[in-house]
Structure formats: structure tokens, C-alpha cells
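Residue numbers (the numbering used here), protein chains in the order written: chain A, 1 to 116; chain B, 1 to 112.
Don't read these hints as lab results, they were simulated from the structure.
Fair warning: this is a prediction, and the values are worked out from it, not measured in the lab.
Warning: the hint list may mix true and false statements.
[As the list claims (entries may be wrong)] From the derived model, a few chain A residues whose C-beta atoms are all more than 10 Å from chain B: (1) Val11; (2) Thr49; (3) Lys64; (4) Ser83; (5) Glu87; (6) Ser90; (7) Phe91; (8) Ser95.
[What the hints assert, rightly or not] Simulated pairs of lysine-lysine, BS3-like, Cα-Cα distance not exceeding 25 Å: (9) B/Lys70 x B/Lys56; (10) A/Lys102 x B/Lys26; (11) A/Lys55 x A/Lys14; (12) B/Lys26 x B/Lys56; (13) B/Lys26 x A/Lys41; (14) B/Lys26 x A/Lys55; (15) A/Lys64 x A/Lys14; (16) A/Lys102 x B/Lys70; (17) A/Lys20 x A/Lys66; (18) B/Lys26 x B/Lys70; (19) B/Lys26 x B/Lys69; (20) A/Lys20 x A/Lys55.
[As the list claims (entries may be wrong)] To give a feel for the contact side, a few chain A residues facing chain B, derived at Cβ under 7 Å: (21) Thr32; (22) Leu44; (23) Ser89; (24) Ile93; (25) Arg97; (26) Asn103; (27) Ile104; (28) Phe107; (29) Gly108; (30) Ala109; (31) Gly110.
Just so you know, even glycine gets a beta-carbon here, dropped at the ideal spot from N, CA and C.
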Amino acid sequence: GAVVSQHPSWVICKSGTSVKIECRSLDFQATTMFWYRQFPKQSLMLMATSNEGSKATYEQGVEKDKFLINHASLTLSTLTVTSAHPEDSSFYICSARQGLAKNIQYFGAGTRLSVL
Amino acid sequence: SQQGEEDPQALSIQEGENATMNCSYKTSINNLQWYRQNSGRGLVHLILIRSNEREKHSGRLRVTLDTSKKSSSLLITASRAADTASYFCATRRGSTLGRLYFGRGTQLTVWP
Numbered sequence: 001g002a003v004v005s006q007h008p009s010w011v012i013c014k015s016g017t018s019v020k021i022e023c024r025s026l027d028f029q030a031t032t033m034f035w036y037r038q039f040p041k042q043s044l045m046l047m048a049t050s051n052e053g054s055k056a057t058y059e060q061g062v063e064k065d066k067f068l069i070n071h072a073s074l075t076l077s078t079l080t081v082t083s084a085h086p087e088d089s090s091f092y093i094c095s096a097r098q099g100l101a102k103n104i105q106y107f108g109a110g111t112r113l114s115v116l
Numbered sequence: 001s002q003q004g005e006e007d008p009q010a011l012s013i014q015e016g017e018n019a020t021m022n023c024s025y026k027t028s029i030n031n032l033q034w035y036r037q038n039s040g041r042g043l044v045h046l047i048l049i050r051s052n053e054r055e056k057h058s059g060r061l062r063v064t065l066d067t068s069k070k071s072s073s074l075l076i077t078a079s080r081a082a083d084t085a086s087y088f089c090a091t092r093r094g095s096t097l098g099r100l101y102f103g104r105g106t107q108l109t110v111w112p
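Next comes chain A alone, as it looks inside the complex (with noise of 0.2 Å):
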């Protein structure tokens, strides 16, 4: 099956920096990418779903200046946590679709981020 590359893996920074999260697809072309954020033992809420080359669509309640995601290729985009806080720890996972009339999603392993 498709192969999606999620890194880091786990990330650890202090409050006020920034995070950038990187979300590949290594083996197809990705028309659109999904961000998703996972508290423990929850669902996967929908952040955003990035289409390359355009602005992505953010989710009611999504802070798009907190939250900035790059399409800018058809194999990567990235989701970076702009002035991370302890709240914005959490478990974020992108997945990737190749085409509007493909069902299925690929998902990346997901990043740890932990702002202390």
C-alpha cells in the first residue's frame, strides 16, 4: 500500500518556539493532505485538509495563525505549531489521499509533541 512519512516522531520543546511537522507521501502524489490532532484514548479531530498549490481549509475552532499548513508540493506538506504552549501538547497524525475519487486515506505514524 501507500507509504506516508510523518517526522518528527516525537518532538520536545519549550513554550514560545515553534514546531514544524512534516508529512510526506513517499510513493504517490498526494492531491490532498488531512491534519489531524488525537488526544489520549479519543477520536482523531479534523484540524485542516490541505490541497497543494491552494490555501488550506481549516476546521471551525482552528486557529489558522496558531496552526500554519504548506502544500506546496504534491509530496509534502507540513503543519507548524507557531508559539507552541503546554496546551497544544498532543498527538497529531496527517494522512494523505491520491485523488478526489480515491476513498481510502494513508496515514502518517504520528507526531508526539510535548511543549513544556
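Dock chain B against the given chain A, drawing on the hints supplied.
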């Protein structure tokens, strides 16, 4: 926002037993998918069932879909300790740019 609700929230069984998880949803769908998540990892797609299908098999997995009741079930037969994971159902609606709506998940524990 979430779409589905799985039950039970947690299921604990012995190896060799069958595990059944249910999922209910609220709106019309194009398809329903089941994903598996090992602790601290990403999700892995297991099986997809379209809205015009009623049952689908894949190895030890059997999925049913009842659109009149807006519900689905995932059956894992002859479970193994390696099946221990969280299982999520996700629905895709018509014109939502491919986004999936995930349920809360069922945590399955299979004891050796």
C-alpha cells in the same frame, strides 16, 4: 466534528474468540471504512464498504452495513493477541472533498 459512535468503547477477549464492534452514524454516506490504530501510531486502513453494499469480507474481517439503521459492524474472527488495537469507523459523505468523519473508537484487547 465526529460522525460515528462505536460501541463498545472497550472490549476485552481471549485469543481465539470473535470480536464484534459496532458503529452508528447520523447522516447519509458514500462509504464507511474501518481503520485500526496501534497505541501511539497512525491509522491503518482495514476495509471499505460502499453504501450500496451490505456485507464485505477480507481475511478474518467481516463488515456489515445497514443504511436503514445507519449502522455498521466489524467482526474479527479467531482473534489474536496481535489484534489488540483501537478500531475506528469513518464515514465519507457526498460532497465533502474526501474528508472522513471518525467515530470515537473501540479499544480491543486480546489476551493470549
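Results of checking the hints against the structure:
no., hint, in the structure
1, Val11, "holds (14 Å)"
2, Thr49, "violated (6 Å)"
3, Lys64, "holds (17 Å)"
4, Ser83, "holds (26 Å)"
5, Glu87, "holds (20 Å)"
6, Ser90, "holds (12 Å)"
7, Phe91, "violated (7 Å)"
8, Ser95, "violated (7 Å)"
9, B/Lys70 x B/Lys56, "holds (16 Å)"
10, A/Lys102 x B/Lys26, "holds (23 Å)"
11, A/Lys55 x A/Lys14, "violated (28 Å)"
12, B/Lys26 x B/Lys56, "holds (21 Å)"
13, B/Lys26 x A/Lys41, "holds (22 Å)"
14, B/Lys26 x A/Lys55, "violated (30 Å)"
15, A/Lys64 x A/Lys14, "holds (21 Å)"
16, A/Lys102 x B/Lys70, "holds (23 Å)"
17, A/Lys20 x A/Lys66, "holds (12 Å)"
18, B/Lys26 x B/Lys70, "holds (7 Å)"
19, B/Lys26 x B/Lys69, "holds (9 Å)"
20, A/Lys20 x A/Lys55, "holds (17 Å)"
21, Thr32, "holds (6 Å)"
22, Leu44, "holds (5 Å)"
23, Ser89, "violated (14 Å)"
24, Ile93, "holds (5 Å)"
25, Arg97, "holds (5 Å)"
26, Asn103, "holds (6 Å)"
27, Ile104, "holds (5 Å)"
28, Phe107, "holds (4 Å)"
29, Gly108, "holds (5 Å)"
30, Ala109, "holds (5 Å)"
31, Gly110, "holds (5 Å)"
The structure shown violates the earlier hints numbered 2, 7, 8, 11, 14, 23.
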